[in-house]
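Student: The listed protein sequences derive, respectively, from chains A and B. Position in the first sequence (from 1) plus 1440 gives the number in this note's numbering. Position in the second sequence (from 1) plus 3 gives the number in this note's numbering.
FYI, nobody ran anything at the bench for these hints, they're computed from the structure. Every value quoted in this text rests on a predicted model; they were computed, and no experiment measured them. All C-beta atoms, glycine included, are put in the ideal place defined by N, C-alpha and C. Misleading hints may appear alongside valid ones.
Partial selection, computed: residues in chain A whose CB lies under 7 Å from chain B [what the hints assert, rightly or not]:
no., residue
1, Pro-1473
2, Phe-1483
3, Asp-1489
4, Leu-1553
5, Ala-1560
6, Pro-1567
7, Ala-1571
8, Leu-1641
9, Pro-1658
10, Tyr-1662
Label pairs and their in silico Cβ distance ranges [said to hold, decoys possible]:
no., chain 1, residue 1, chain 2, residue 2, range
11, B, Pro-330, A, Leu-1613, 44 to 50 Å
12, B, Ala-11, A, Ile-1559, 48 to 54 Å
13, A, Glu-1523, B, Leu-32, 42 to 48 Å
14, A, Thr-1458, B, Pro-127, 49 to 55 Å
15, B, Ser-63, A, Leu-1613, 27 to 33 Å
16, A, Leu-1613, B, Pro-329, 50 to 56 Å
If you want the footprint, here are the derived chain B segments under chain A, 3+ residues with CB under 8 Å [to be verified]:
no., region
17, 41-51
18, 605-617
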Amino acid sequence: MTGLNAIYRRELAAYFQTPLAWVFLTVFAIAAPSLTWQTGRLFETGRADLAPLFDYLPWLLLVLMPALAMRAWAEERDRGTLETLLASPVALWEVAAGKFLAAWTVAGLALALTFPLWIAINWLGSPDNAATATAYFGALLLAGGYLAIGQALSATTTNQVIAFVLGAAACLLITLAGLPLVLDAMSAWLPGAAAEALAELSALSRFESLRRGVISLPDIAYFLSLIVLGLACAMTLIDARRGGGR
Amino acid sequence: MSAGRFIAVMIASLILGFAGLNLFLRATLEGVRLDLTESQLYRLSPGALGMIDRLDEPVSLTLYYSRSEAAQYPAVRAYGARVRELLRTLVARSGGRLILQEIDPAPFSAAEDAAIAAGLSPLPTDDGGQIFFGLTARNAIDEARRIAFFDPRDEARLEYEIVRAITELERARTPVIAIATSLPLAPARGGTASNPIIADLAETYELIWLDEAFDAIPPEADALFLIHPEPLTDAQTYLVDQFVLSRGRVLAAVDPLSHVALKPGPDGLPPLRARRESDLAGLLSHWGVMYDVNTVAMDAEAGLPVQIQEAGRTRMRAYPLWFSVPPAGLDRDLPAVAALSRGINLGSPGALLPAPGLESRFSALILTGPDAARLDVDRAAASPSPEDLMRDYETAADAPLVLGARVSGRFASAFPDGPPAGEGVFAPGDHLDRSALDAEIVILADSDLFDPAFFQRNDPVQGLQVVADNLALVLNLADWLAGDPALVGLRARASSARPMVRVDQLRSEAEARYLTLEDQLQASLLDAEARLAELSRTGRASALGGAETAETVEADALRATIADARARLREIERGFRVEIDALERALMIWTLWIPAGGVILAGAGFGLYRRWRRP
Chain A
1441 MTGLNAIYRR ELAAYFQTPL AWVFLTVFAI AAPSLTWQTG RLFETGRADL
1491 APLFDYLPWL LLVLMPALAM RAWAEERDRG TLETLLASPV ALWEVAAGKF
1541 LAAWTVAGLA LALTFPLWIA INWLGSPDNA ATATAYFGAL LLAGGYLAIG
1591 QALSATTTNQ VIAFVLGAAA CLLITLAGLP LVLDAMSAWL PGAAAEALAE
1641 LSALSRFESL RRGVISLPDI AYFLSLIVLG LACAMTLIDA RRGGGR
Chain B
4 MSAGRFIAVM IASLILGFAG LNLFLRATLE GVRLDLTESQ LYRLSPGALG
54 MIDRLDEPVS LTLYYSRSEA AQYPAVRAYG ARVRELLRTL VARSGGRLIL
104 QEIDPAPFSA AEDAAIAAGL SPLPTDDGGQ IFFGLTARNA IDEARRIAFF
154 DPRDEARLEY EIVRAITELE RARTPVIAIA TSLPLAPARG GTASNPIIAD
204 LAETYELIWL DEAFDAIPPE ADALFLIHPE PLTDAQTYLV DQFVLSRGRV
254 LAAVDPLSHV ALKPGPDGLP PLRARRESDL AGLLSHWGVM YDVNTVAMDA
304 EAGLPVQIQE AGRTRMRAYP LWFSVPPAGL DRDLPAVAAL SRGINLGSPG
354 ALLPAPGLES RFSALILTGP DAARLDVDRA AASPSPEDLM RDYETAADAP
404 LVLGARVSGR FASAFPDGPP AGEGVFAPGD HLDRSALDAE IVILADSDLF
454 DPAFFQRNDP VQGLQVVADN LALVLNLADW LAGDPALVGL RARASSARPM
504 VRVDQLRSEA EARYLTLEDQ LQASLLDAEA RLAELSRTGR ASALGGAETA
554 ETVEADALRA TIADARARLR EIERGFRVEI DALERALMIW TLWIPAGGVI
604 LAGAGFGLYR RWRRP
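Working from the sequences, and respecting the hints, build out all of it.
Tutor: Right, here's the structure in full:
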């Protein structure tokens, strides 16, 4: 675990020593409340809850999380530091997990920046704070899922922009999977059961229950397995570069 | 195997493993969930669980929800998510017996036609579109029930309404309500009832009308309604007593002063043998309720507006004898009354009290405000003016007064020695000494609440307006008493909507302040306009008299006053939102720019620190 800790600290420091984390946090701090007030029209709902924030958060996360994850492996490969890293006495899983946890920490900080909104709705009325806390927990899991996917796709390329585009596209796919828009298109050439199964794997539908204050075991397992899937894919791709995989 | 192929196989295996694991977990552990909402919003009530567990045949639910149209309406959007979550919870629990399909009816599509054909009521939108947001439930033999529109204001009744729709499909027969009344509520032969409460009841229940001399209560009756009944004979009292012991579901509406009973007919006279008072020949006290037929309740705080003549002018004044019980005065624990949002309008009702020392459980369903008073029924019957009523108005020592109550439990017969002798033919062997099951008796101390005049207003512009929840109250009580036991077990749900109380408070304060100002301005505007009209007439008349200059000056001043008043009125209309907009702007600054500014400052500070530390 020392290796994991070292990688985590190194990665977290790397985020904050470049403008990336600061720009990311600033964009998030502006975008999330803007969507809540302007697009979600928090005031017009007349309800003291953060539903408008959590309505739009998945869409914001699916753009911003791949941006946070894009550098994870692509930058190492581009700078040629990957080989040095892999040659160090740290297990590959510790490297992948350390990178992921560092990015997840930044994502957590970004979510924490919406805390004044939570204070505001408490000032405006008496919200269901347990439900709001559960929704934040769900948002953190969703961000983790997107980050893991972003990291997996970052391992496929040396170009961070390509890593971002691929990551955002994959996150979009897994988000849209449960929407009628996709299901209608899919049902034209997929059997009904397969289309329904696809909908079951949508990140958005899994996030729905959590954002209302309901924690279900399959939903938690879904997000954790999504994170494991992303990290395992990234490790497979990186391990293959190291010469393993056979 | 090449490295590329190995990677492809590995990643495909991982994705398939992920999909398989999650589909398996979803199928097997769907019910393992923890509802962390404060009001347990997403935990199904025991009534709903009982209903689902009892389902024999599959029921298809179709939710028609115009998702894209509703997205523009935050309140509908938020409620849409709530409805869908509840439906999914029900479906997940049903083990396949409830099948949910969601349809987004696009404009001019077959789905929209289907929604209209299913009897759903769309909500028109500002841009000429419409939002469908309703449900149809259909059983295996294609019987259907519908919820025409999910109104966000009815959230507390949401689970109740959905479960009711499903339950009605499941039941083997239409429940029967026997009604005994002295009021002209029964429909003319072969026709539909003119009273909207009775007409609505007849849509869900089979109604059997007992005549004045009834000598039996039909055995198939699930509930008995006694609405301002004729005085009961001993035999009829015995029948009611035995009904309570055997079936246990009774709604009694008694009244010390029934205006609706005395309402003049087409000939201008009250119906023959109309009775102003009713009680139940001692049964109420036997059930544990004290009711004085010589006293009515009044509530000056909640008086309904009535038109009176005062010094030759017609004015609207609050009338303490006819008053409204707001939602705060209703029992929040009983689904049948918990969700009523408009309150109940009553006309000189009686007051109920629990009788001491009885075993039954007495709970108040409808309560007056804290300043209610009692009045002698003879004085109330003499149509006193509001001033007369207020002159010696004295708050009752035991206010708030109970106007409606629920009595439940197991009762002993009011006829311990068996059937009364001499009247009717009863088989002594059928006599019950004690309740066979828990009885539920609802007593309303007013019959006027059945009069449409008390809950509907015919507005010349907007048509028939419902102004109180009297109809909903009786229908809900009927559902509770005669409907499915699963519905009885359904508890009232708290709404997931938490109002922005601070905004509401700000809005109401602004409204109160501005309305006073608006009234003053309107009054001065009317005075100025009247004076100007008068001057115009006089000016024309006196134009030849040379008095034109002074009047013209005054008229100009009046026109300026009118223009100024109108401008200020427009400002007032805008003013309603000024403070709320200011609050919104302030909150946006605090929640948007302060955190973002903080991050920028922290980033700049960190950068400077690093530069300073750098050798």
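Student: Please go over all the hints and tell whether each is borne out by the structure.
Tutor: The hints, checked one at a time:
The restraint placing A/Pro-1473 at the interface with chain B holds, with a minimum CB-CB distance near 4 Å, inside the 7 Å limit. Given the 7 Å rule on beta carbons, the hint for A/Phe-1483 holds: about 5 Å separates it from the nearest Cβ of chain B. For the restraint placing A/Asp-1489 at the interface with chain B, the shortest Cβ-Cβ distance is roughly 6 Å, inside the 7 Å limit, so the hint holds. With its C-beta approaching chain B no nearer than about 5 Å, A/Leu-1553 sits inside the 7 Å limit, and its interface hint holds.
Because the smallest distance between the Cβ of A/Ala-1560 and any Cβ of chain B comes to about 5 Å, under 7 Å, the interface hint for this residue holds. At a threshold of 7 Å, the smallest CB-CB gap from A/Pro-1567 to chain B is about 5 Å, leaving the interface hint in force. Interface restraint check for A/Ala-1571: the shortest CB-CB distance to chain B comes to about 5 Å, inside 7 Å, so the restraint holds. With a least beta-carbon distance of about 6 Å to chain B, the hint placing A/Leu-1641 at the interface is held under the 7 Å criterion.
With a cut of 7 Å, the hint placing A/Pro-1658 at the interface with chain B holds, because the nearest CB-to-CB distance is about 4 Å. With a least beta-carbon distance of about 5 Å to chain B, the hint placing A/Tyr-1662 at the interface is held under the 7 Å criterion. Taking 44 to 50 Å as the suggested C-beta distance range, the pair B/Pro-330 and A/Leu-1613 conforms, at roughly 48 Å. With their beta carbons about 49 Å apart, B/Ala-11 and A/Ile-1559 fall inside the hinted range of 48 to 54 Å.
For A/Glu-1523 and B/Leu-32, the Cβ-Cβ distance of about 43 Å falls inside the hinted range of 42 to 48 Å, so the restraint holds. Between A/Thr-1458 and B/Pro-127 the beta carbons are some 53 Å apart, a value that agrees with the proposed interval 49 to 55 Å. In this structure the hint that B/Ser-63 and A/Leu-1613 lie 27 to 33 Å apart at CB holds, the actual value being about 31 Å. A/Leu-1613 and B/Pro-329 have their C-beta atoms about 52 Å apart, which keeps the hinted 50 to 56 Å range intact.
Taking a C-beta to C-beta cut-off of 8 Å, the region 41-51 of chain B contributes 4 residues in contact with chain A, enough for the three needed, and the coverage statement holds. For the region 605-617 of chain B, the stated coverage by chain A holds: 4 residues have a C-beta nearer than 8 Å to a C-beta of that chain, and at least 3 were required.
Consistency with the previously given hints is maintained throughout, with no hint failing.
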